[in-house]
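Asks: Here is how the chains run, residue by residue.
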Amino acid sequence: MNHGFMNQRRKASWLVLLATGALLAAGAAADEVWIKSEVVQIRTGKGAVYPVIVTVEKGTELTVVDREGHWIKVQAGSQQGYVYDGSVSPDKVSGGGNLLASLGAGSDASSLSSGAAAKGLAPEADQYAASKNIDPGPMNRLIDFRKHFDPKLWEAFTAEGKVGPDAPNAQ
Amino acid sequence: MRRTWIFSALMLLAAGCGAGSPFSADSLGNLFGGSTGALIKAGGHEANALALSEKDEDAMGQATGAVLTNRYGVYQNQRVETYVTLVGLTVASASPNPGGNYVFGVLNTEDVNAFSGPNGYIFVTRGALEKMQDEAELAGVLAHEIGHVCHHDGLAQVKTAEQSAALSDALAASSTAAQFSQLTDVGIQAITEKGYSQPQEFAADEEGVKIMTAAGYDPHSYLAFLERLSKLQGMAGGGSIMSTHPAMDERVVRVQQEIVELDNPVGAKLADRFARSMVFAQATP
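Going down the list, the sequences are from chains U and Z.
My numbering puts the first residue of the first sequence at 99, with every later residue one more than the last.
My numbering puts the first residue of the second sequence at -2, with every later residue one more than the last.
These are computed hints drawn from the structure, not numbers from a lab.
Bear in mind that the values here come from a model prediction, so they are computed numbers and not experimental data.
Incorrect hints may appear among the rest.
Simulated pairs of lysine-lysine, DSS-like, Cα-Cα distance not exceeding 30 Å [said to hold, decoys possible]:
{"no.": "1", "chain 1": "Z", "residue 1": "K228", "chain 2": "U", "residue 2": "K245"}
{"no.": "2", "chain 1": "Z", "residue 1": "K207", "chain 2": "Z", "residue 2": "K191"}
{"no.": "3", "chain 1": "Z", "residue 1": "K228", "chain 2": "Z", "residue 2": "K128"}
{"no.": "4", "chain 1": "Z", "residue 1": "K128", "chain 2": "U", "residue 2": "K245"}
{"no.": "5", "chain 1": "U", "residue 1": "K171", "chain 2": "U", "residue 2": "K190"}
{"no.": "6", "chain 1": "Z", "residue 1": "K207", "chain 2": "U", "residue 2": "K171"}
{"no.": "7", "chain 1": "Z", "residue 1": "K207", "chain 2": "U", "residue 2": "K260"}
{"no.": "8", "chain 1": "Z", "residue 1": "K207", "chain 2": "U", "residue 2": "K250"}
Next comes chain U alone, as it looks inside the complex (with noise of 0.2 Å):
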C-alpha cells in the first residue's frame, strides 16, 4: 500500500472539505433581502404580538439569520429578530432605507411599532384631536393597552384553543 499516496488523498479531501465549507460560509453570508414594503417592524418573534425592535423603511438590506417557515430572522444591530417574508425581495430594492440609520433613529424595542405609537398618539393625531377638542386619553389608553400586552398570554391562548397559524385546524 502506497502511504504517501493515501495522505495526499486524504490532505486533498481535508483541503475539498475546506474549500466547500468556506463556499458555504460565504454564501450564507451573502444571504440578504431587501425590504419592499414601505415600511416593516422587525419583531422579537414572529407575529404582531411581539415587540418591536427596530422600525426600517423601504430599501433596507437586511442579513439572513435563518428561515422560519414564512418568517425570516435577521440581524438588526446587536439583536436578532423577524420579519414576514411577504415584505421583503431577495434582491435589492431601491428606496434609501439603511438600517444602521433606523436604529440610531431610535431602537424602540419595547414599543408597539413605531416611536410615535410608542408614546401614545403621534404628534399629527394629537395636533388633530386638540384642534377637534377631541380627548386623546382613550386612545392613547387602548395605545399604551397593547403596547404592554403580553405575548405569552397570546402563546396561551392560541394554544388552548388550538388556533393560530400552526394550529392543527388552520388550512
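Here the structure of chain U is known, so what remains is to put chain Z in place on it, guided by the hints.
Replies: Positioned in the frame of chain U, the structure of chain Z alone reads:
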C-alpha cells in the same frame, strides 16, 4: 361598515398588508417632512399633492381612533378588551400582514358595528359582541376588518376624494397640518356616511373568511353571524359590518359559496371560551 376608514388603506401601506399594494406612499407624497409642493392633476385642477408618508398614515389611523373612541366611548372592561385583542392578534397572525401594527378596541355602544382605521386600528362595538355566539364569529368580524386594511380600501377612498376639485383646491391653499386635518375629516366622513363600495365589502368578506380559516376558526360561524345580521339590518347606520351596500343577503350567499369552494373547512368555534370572556356586567363606566 361604512366606517372603514379612508385611511385603512393608507395605514395598510405602513402595515404592508401583502406586497405589491396598488397604492404607494410615493403616489401620495409626503405630507409631513417630505417633499411638498409637487403638483398633480386632480379633477382637472392642479393642486399640491396629497403627501402622506407612512408616519402620516399611522397618525391618521390614530386620529380616526381618537374620533371613534370619543364618539362612542371605550368599553372599559379589561377581560373583554383583553379577549378581543387576543382574538384579533390570532386572526392577524394568519393575515397577509402578520407582522403589522394592530390595535383593537371595544366601543361602548349598542350599535352593531365594527370599524377599521388605517394601519390596523380596529374596533368592534359592544352591541356587536352581544349579538355574537362564539369566538369564531368574533374572529370573522375582526378578520373582515383586517381584510379592508389589507386591501387598502380606505386609501382608495382618499384617492377618490383627492380627485375632487373642491378638496384639491382646499388642500392647495392649506398648510400641511391643515391638509392632514382635512384628509382625516374626509376619511371619517366617508366611513360614517358613505361606506365602502359593494366590491370592497365582498372582497373583505372573502379575505376575512380566508384569514379566519387560516387561523383555524370555523368560517361557518361568520356565516351564521352574517345571517343573524341580515335580520337586524337597518338597526345601525354606517360601519362595514352593517353595510347596506351590498345587501346582507347577497353577502351571505357569497360567503356560503366561498366556504363551499374552500371544501367546507371545519375549525374551532370556541363558544364556551367566548361565553366565559364576555362578562359585560363587569364593565366599568
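Asks: If a hint holds in the structure, say so; if it doesn't, say that too.
Replies: Structure-based check of each hint:
1. Distance check on the hinted pair: K228 (chain Z) and K245 (chain U) sit about 38 Å apart at the alpha-carbon level, beyond 30 Å; violated.
2. For the suggested pair K207 (chain Z) and K191 (chain Z), the alpha carbons sit about 26 Å apart, so the restraint of at most 30 Å is met.
3. Taking the CA atoms of K228 (chain Z) and K128 (chain Z), the gap is about 12 Å. The hint holds against a cut of 30 Å.
4. Distance restraint check for K128 (chain Z) and K245 (chain U): the Cα-Cα separation of roughly 29 Å lies within the 30 Å cut-off, and the hinted pair is therefore satisfied.
5. A C-alpha spacing of about 18 Å is found between K171 (chain U) and K190 (chain U), which places the hinted pair at or below 30 Å, so the restraint holds.
6. Proximity of K207 (chain Z) to K171 (chain U) is assessed by CA-CA distance (about 26 Å); at most 30 Å being required, the pair is judged to hold.
7. With a C-alpha separation of about 17 Å, the suggested pairing of K207 (chain Z) with K260 (chain U) holds against the 30 Å cut-off.
8. Distance check on the hinted pair: K207 (chain Z) and K250 (chain U) sit about 26 Å apart at the alpha-carbon level, within 30 Å; holds.
Checked against the numbered hints above, the structure violates only hint 1.
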